[in-house]
Amino acid sequence: MTESCRILTPTEQKISDIMEQSEQAMMAAIYKAVEDATRQTAEELHSIGAQAEPPPYGYFAATAHQQLFLSLCGANPETFEGGDPEVAAQIINNNQNISDHYWSKKAEVPA
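Residue numbering for the sequence shown follows the working numbering, starting at 55 and increasing by one per position.
Just so you know, these hints were derived from the structure itself, not from any lab.
Misleading hints may appear alongside valid ones.
Here are the simulated distance ranges between beta carbons [said to hold, decoys possible]: (1) I145 with S58: 17 to 23 Å; (2) E97 with D138: 37 to 43 Å; (3) R60 with A83: 27 to 33 Å.
Keep in mind that this is a model prediction, so the values were computed, not measured.
Ideal Cβ positions, reconstructed from N, Cα and C, are used throughout, including at glycine.
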């Protein structure tokens, strides 16, 4: 049996296009902010003669990810308190499902 998607009405298509454009602009802004933070930190550390390596891109991406996770859970971004554990579990489960589906093996959780 062939699965098909229903055809969107012109209004539904316009709504879909607006949402897609907004999502793309938002993600571009997030990626740029992470890149800017990575570059700016490296430049500032260099300017003071710091010998330590600046944090990599992944550090700032993980910080953004953590803050967005807390926001979705309704937790305080500074204290991590007050979040909804059911929402947190659903988000974690969704991410595990993505990992399982696209990378076909469960990540090993360190003991």
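Any hints from earlier that this structure breaks? Give me their numbers in increasing order, please. Number 1 - this is the single hint that the structure violates.
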